[in-house]
Amino acid sequence: MKRIFGLQTAAGFKLFAALGAVVLAIAAAELAYGPVSLSLSEVSSAILGWGDASSTAIVTQIRAPRLLLGIAVGTALALSGCALQGVLRNPLADPGLIGVTGGASVGAAATIVLGDALALELPREIRPYLLPVSAFLGCALVTSFVFRLSRHAGTTSVATLILAGVAINAIAGAAIGVMVYISDDRQLRDLTFWTMGSLGGANWTMVAVTLAVVSVAAAALATLGRALDLFQIGERAAFHSGLNVERTKRNIALLSAIAVGGATAAAGPIGFIGLVAPHMARLIIGPSHRLVLPASALLGMGLLLGSDLAVRNIVPPAEPPIGLATSLIGGPFFLWLLLTRMKGRGLVA
Amino acid sequence: MLEVQDVTIRFGGDTPAVDNVSIAVKPGEIVSLCGPNGAGKSTLLSVLAGDLPPQEGRAFLDGRHLHDFSPQELATRRAVLEQSPTLAATFKVKQLAGLSIAIEISPDTVREIVTDTLMAVGLQHRAENRADLLSGGQQHRAHLSRVLSQLSSAGVEEGRYLLLDEPTARLDLIHQVTAMRVARKAAQQGVGVLVVLHDLNLAAAFSDRVALMHEGKLVAEGTAEKVFTGDRLSEVYEAPLQVDRGPSNTVRVSPIFFADSG
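Those sequence lines, one after another, are chains F and P.
Numbered per our numbering, the first sequence spans residues 1 to 349.
Numbered per our numbering, the second sequence spans residues 350 to 611.
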């Protein structure tokens, strides 16, 4: 039993059990609380099909898809943040800060505004995939650029990465501005809600597509523990230790782009989960990526579902964008990180 | 045998970093690579490590082209200690020491190997400490322990090679000797060792052969007695150097200092 995830100690196993229990509790609360509060027995009978019509509809048509979407998005953002931080040896490599999410946003915005004309040409079955695919393409473009930045020196300085992120986000902002300018009223409304980030649009088709895309990428990312550990001694030493460095970097770039692209297409750009979850995981479980990856995934789910729970219940039935909650958690955390971890070391991690 | 034949490496510019060099390391011997800064020692080591494909010439490990090995395969045959090893995570010393082990072995075996190699570099009492908080020299020894663990876990008996790029540069006098003893012990177990050294006296004391490089070229190769002559060294280092014999009759190189009257 102790060998699961390579866990050496009972203490590590207890930590995972505790994390899992917290996520389960938040998930149960996601199903139970909202504008209409349900008891746990009402929730379970709704899931089993024994409940009354209204609570069954609330649980199976609104809250369950939302819960599953939250799990997929939280996992995707946390694992790609963890992998990007690991491979770039850089604690600030959050998909949002370095512009990867911005790339996805441009892809998605272009689809929302320009996609109608194109979608009519496509068979009905593949139309739901248009948004994730274009978000993925935007992501992949930015990710490959960021990795190119890191190719020569082996490690990228935080300053380079963040400045590149500022530039990419500025370009992305301008591109989205153009989309807003040329959009019609309905597109503008879709676009505005989408860019604020929300799990509110969850329906079963979207959940199925996102879960399919994200779970493939997440499963592959979760196996990269040893590789990410080796990146911590530098790319050359990682190669000396038997790692195919170029192939691993390419895989991580591709998988993060798929995961962030899929998540962003479904829920809009949601910041800071990819930054905060891996850091919390390292604080709790130590530096070994075999443990940090699964712990990040659990924390990503917990943070995202917790934020969703908060925004849904703070002024019901109104629903502030989830990005507000994640930024309220993530912003101060980011500042704290700058003040403590970076102190005395300048901006070089 | 780990060898390069007629290898040339250019990084741009007119003078090649490595200029038509052939050198071989046999199992069980220590070869020291010496020469002034910028002579091409580290570049040559990178070619032997498989990092850098030769632009001209060839590189072989036991008769097979180096670039025909997968990174994984190569990791079971040779280990490399870089000049400035780094660490960007908060691993404990024992975790770092086991990090480069390239094959699946039981945690118990990992623990045994790591304990041994930490003992060899004198860091057994630091096993539970955070590696990134150690002193520079101690970190260097922790990385030495890492590459030793990689080599001794490889499950390959013959044809293993250890490449060390200035392993003693950040170490105090005693640990310089410890590091070289570690290399000697590896050689006794059949490992071929190539070590880049600035300290010519350490090179003379611990090597079976020394190779002297200057401006990318291999100037001389052989026993320290033959290679390290006052005239040759003074020419290569462009400074007056004197060679005599130390207490145990080993070659001893010392610079001749002139008090600057300027």
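Keep in mind that the hints were calculated from the coordinates and are not lab data.
Positions of the beta carbon are idealized from the N, C-alpha and C atoms, including for glycine.
Possibly wrong hints are sitting among the right ones.
Calculated lysine-lysine pairs in the BS3-like style (CA-CA distance at most 30 Å, straight line) [as the list claims (entries may be wrong)]:
(1) P:Lys441 - P:Lys534
(2) P:Lys441 - F:Lys14
(3) P:Lys375 - P:Lys566
(4) P:Lys375 - P:Lys575
(5) F:Lys249 - P:Lys441
(6) P:Lys441 - P:Lys566
Over 12 Å on every C-beta distance to chain P, these chain F residues come out as not near it, computed from the model [stated by the list, open to error]:
(7) Gln85
(8) Leu88
(9) Asn90
(10) Val166
(11) Leu188
(12) Leu191
(13) Val216
(14) Ile233
(15) Ala237
(16) Phe239
(17) His240
(18) Val292
Between beta-carbon pairs, the in silico distance windows are [said to hold, decoys possible]:
(19) F:Thr160 - P:Asp557: 17 to 25 Å
(20) P:Val526 - F:Gly331: 30 to 38 Å
(21) P:Glu506 - F:Thr223: 50 to 58 Å
(22) F:Thr223 - P:Ser597: 48 to 56 Å
Numbers of the earlier hints that this structure fails to satisfy, in rising order: Hints 6, 7, 8, 9, 14, 15, 16, 17, 18, 19, 20 and 21 are the ones this structure does not satisfy, whereas the remaining hints hold.
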